[in-house]
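Colleague: Chains as they are written, first to last, in this note's numbering: chain A, 1 to 102; chain V, 1 to 238.
Check each hint, because a few of them may be wrong.
Some residues of chain V that are not near chain A, with every Cβ distance over 12 Å (derived) [claimed, not checked]: (1) 8; (2) 9; (3) 11; (4) 15; (5) 16; (6) 17; (7) 22; (8) 46; (9) 82; (10) 108; (11) 126; (12) 134; (13) 145; (14) 152; (15) 153; (16) 159.
Covered by chain V, per the in silico footprint, the following chain A stretches (three or more residues, Cβ under 8 Å) [claimed, not checked]: (17) 3-17; (18) 29-37; (19) 44-55; (20) 67-79; (21) 82-91.
Ranges between beta-carbon positions, derived for each pair [to be verified]: (22) V:12 to A:33: 34 to 44 Å; (23) A:98 to V:209: 26 to 36 Å; (24) A:102 to V:210: 18 to 28 Å; (25) V:156 to A:70: 27 to 37 Å; (26) A:78 to V:127: 25 to 35 Å.
If you're looking for bench data, these hints aren't it; they were derived computationally from the structure. The C-beta atom is built at its ideal place from N, Cα and C for all residues, glycine as well.
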Amino acid sequence: MPLLAIAVLAAGTYAFRLAGPLLRSRMELPGRLRRLLPAATAVLLTALAATAALTEGGGFAGWARPAGVLAAGILVLRRAPFPAVVVAAAAVTAALRLCGVP
Amino acid sequence: MFSILAMRSLWRTIGRGALRDIALVCLADALVGASFGAIAVSGGLPPQAPVAMSLLVFAGGAQFAALGVVLAGGGPLAAVASGLVLNARLLPFGFAVADAPGGRLAARLAGAHLITDEVVAFVLARHGTRARRVTFWTCGLALFASWNLAVAGGALAGGAVGGIGDVGALGLDAAFPAVLLALALPALRERATRRAALYGAAAALAATPLLPAGLPVLLSLGGLALPGARPADGGDPA
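Produce the entire structure from the sequences given, and follow the hints as far as they go.
Modeller: In structure tokens, the structure reads:
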């Protein structure tokens, strides 16, 4: 992650944040855009989670990692505390690998 | 003595319950931040990269998104693009809490950097200008401090775990997608969003062997255009 990339991401993010506090008195955001942008966030995060769980270098990552992530997902739905979610993902994956699952 | 008085006034303005909630959210975010620092460093980045990113970008989802693209072997352009798409939601959020930082230009310029999902949620739950302002600054500054300290701590700890072999044997490669899933799931309660996310994830997975790293994830945004998945259509939260 080069410093320039971090700077560009930071500048763009700050612009998104600043628009409201700076322009509120002069303009309003269209309702469609107001609903679309948070939905885009959820879509992108889900796709990232899916590809990071299932793929490695353009191919299938093996069963151990997605199994661990599935266990984490079940814990999230059961409102388990965050550390338990992360530890469960790693523990299930590590245990399966110990048993020879790739 | 002065700080005790200030603390007491803060207590009265925000309320004991909200202060406790803010502390709990800070703690939860600190754990996410620590895992961000640790995952970045154990993935091969120098410790200053996650620390600089957290101070300057200060948005957990986008930081994880950009990191995910980099760890998957994608270029900086794709990393920045996915981070920016994620943070585009801060635009409507900024309009929603525009008055909270205060009227002065300096307050608006500094306060804008503190706008996060969590701050917006806390501010919108309060009524009255003064309560919103105090909540905005208390929650914003507390989150900024706990997030950045945790990322630095995680980066140090990640350096201690070390080699890639350890990461695989300990199952730590599953921690990253697990964190992303934990961030995404609460937003998927709405039916239209859930559909768009499922279509998008399927498209990203199908495209992964074909496209350079980073692009398949951006392709998932196409899911938002499919019938039944547009946020405007799905008036029924299921």
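Colleague: Is it correct that the beta-carbon of residue 152 of chain V has no partner in chain A closer than or equal to 12 Å?
Modeller: holds (15 Å)
Colleague: Taking C-beta pairs only, is residue 15 of chain V more than 12 Å away from all of chain A?
Modeller: At roughly 24 Å from the nearest Cβ of chain A, residue 15 of chain V sits farther out than 12 Å, so the non-interface label holds.
Colleague: Note whether the CB distance of residue 12 of chain V and residue 33 of chain A lies within 34 to 44 Å or breaks it.
Modeller: Since the Cβ atoms of residue 12 of chain V and residue 33 of chain A sit about 38 Å apart, the hinted range of 34 to 44 Å holds.
Colleague: Holds or violated: is the Cβ of residue 8 of chain V farther than 12 Å from all Cβ atoms of chain A?
Modeller: Since the minimum Cβ distance to chain A is about 29 Å, residue 8 of chain V lies beyond 12 Å and the statement holds.
Colleague: Go ahead and decide if the range 26 to 36 Å is satisfied by the Cβ distance of residue 98 of chain A to residue 209 of chain V.
Modeller: This hint holds: roughly 29 Å between Cβ atoms.
Colleague: Can you confirm whether chain V covers the stretch 44-55 of chain A, using C-beta to C-beta distances below 8 Å and requiring at least three such residues?
Modeller: holds (count 12)
Colleague: Taking the shortest Cβ-to-Cβ distance between residue 16 of chain V and chain A, state whether it exceeds 12 Å.
Modeller: For residue 16 of chain V, whose nearest Cβ neighbour in chain A is about 22 Å away, the distance exceeds 12 Å, so it holds.
Colleague: Are all C-beta atoms of chain A more than 12 Å from that of residue 17 of chain V?
Modeller: Its Cβ never comes within 12 Å of chain A, the nearest being 19 Å, so this holds.
Colleague: Please check whether the stretch 67-79 of chain A has three or more residues whose CB lies within less than 8 Å of a CB on chain V.
Modeller: holds (count 6)
Colleague: For the stretch 29-37 of chain A, count the residues whose Cβ lies under 8 Å from any Cβ of chain V; is that count three or more?
Modeller: Our answer is that it holds, as 7 residues pass the Cβ test (under 8 Å) against chain V, meeting three.
Colleague: Regarding the assertion that residue 153 of chain V does not contact chain A, is the least Cβ-Cβ distance greater than 12 Å?
Modeller: holds (14 Å)
Colleague: Taking C-beta pairs only, is residue 126 of chain V more than 12 Å away from all of chain A?
Modeller: Non-interface label on residue 126 of chain V holds, nearest chain A Cβ at 17 Å vs cutoff 12 Å.
In this structure, the hints that do not hold are numbers 8, 9 and 10, in rising order.
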